[in-house]
Amino acid sequence: DGGITQSPKYLFRKEGQNVTLSCEQNLNHDAMYWYRQDPGQGLRLIYYSQIVNDFQKGDIAEGYSVSREKKESFPLTVTSAQKNPTAFYLCASSGTPTNEKLFFGSGTQLSVL
Amino acid sequence: AQKVTQAQTEISVVEKEDVTLDCVYETRDTTYYLFWYKQPPSGELVFLIRRNSFDEQNEISGRYSWNFQKSTSSFNFTITASQVVDSAVYFCALPQRGQNFVFGPGTRLSVLP
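Residue numbers (my numbering), protein chains in the order written: chain A, 8 to 120; chain B, 139 to 251.
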């Protein structure tokens, strides 16, 4: 079945450590996104990519980095510069053109030790 | 700038009651789409509906119905005869240019048996 796979489901980060969240899709979608969800808040865009080897900053990109070397994969690194990383992270993808619905992964809960 | 407001933070109903979730949006675009997503406890957002601003007809799908009123910039969602499985967080969303979506803060619906 086609879909988006995020791993791990739970992740713990130590002080000063970088961690990477995985996102893989087999939907043949061009566009991929990373969202952050905090309790009681909507989703906020971190980064998005419309094609391989290209990505754009979203509303809250500081302290995060991404890469898009393959169409299927869009990993997110939470760097030590992100001082408040505890949140639920959701990866999504969509086909083109604009206004197509988003398909979401099951999310990664990141917590700080 | 685009904005989506969901004034109801949490709603609790007893099973079989009808419930309406409100969504008010702001946009300067003359044509646009609106979306509703459901986030069950598992965490993955599930697409429910997409409506085009040209089409103001109400839509019904089983126990779900949507009331789109351009004059009041509202896109409300009604669940008829609610069930426990409807318990989730519901998000209204508005795409903006560049394929980014603006999400409302969500409404947490609890359906009690």
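By construction, these hints were calculated from the structure, which means they are not laboratory data. Warning: the hint list may mix true and false statements.
To be verified - Think about it this way: if two alpha-carbon atoms lie no more than 25 Å apart in a straight line, the pair counts; the simulated SDA-like pairs of lysine to any residue are:
| id | chain 1 | residue 1 | chain 2 | residue 2 |
| --- | --- | --- | --- | --- |
| 1 | A | K64 | B | R235 |
| 2 | B | K176 | A | H36 |
| 3 | B | K141 | A | I67 |
| 4 | A | K108 | B | F185 |
| 5 | B | K176 | A | P15 |
| 6 | B | K176 | A | I67 |
| 7 | A | K90 | A | K108 |
| 8 | A | K108 | B | Q140 |
| 9 | A | K108 | B | F206 |
| 10 | B | K141 | A | F95 |
| 11 | A | K108 | B | S212 |
Claimed, not checked - Sample of chain A residues facing chain B (criterion: CB under 10 Å; computed from the structure):
| id | residue |
| --- | --- |
| 12 | K16 |
| 13 | F19 |
| 14 | G114 |
To be verified - Each pair of labels, with its calculated beta carbon distance range:
| id | chain 1 | residue 1 | chain 2 | residue 2 | range |
| --- | --- | --- | --- | --- | --- |
| 15 | A | E76 | B | T216 | 17 to 27 Å |
| 16 | A | G10 | B | K141 | 40 to 50 Å |
| 17 | B | D156 | A | G70 | 40 to 50 Å |
| 18 | A | A68 | B | P178 | 22 to 32 Å |
| 19 | A | N91 | B | T143 | 17 to 27 Å |
| 20 | B | R201 | A | N25 | 38 to 48 Å |
Positions of the beta carbon are idealized from the N, C-alpha and C atoms, including for glycine.
Broken hints, by number: 7, 13, 15 and 16
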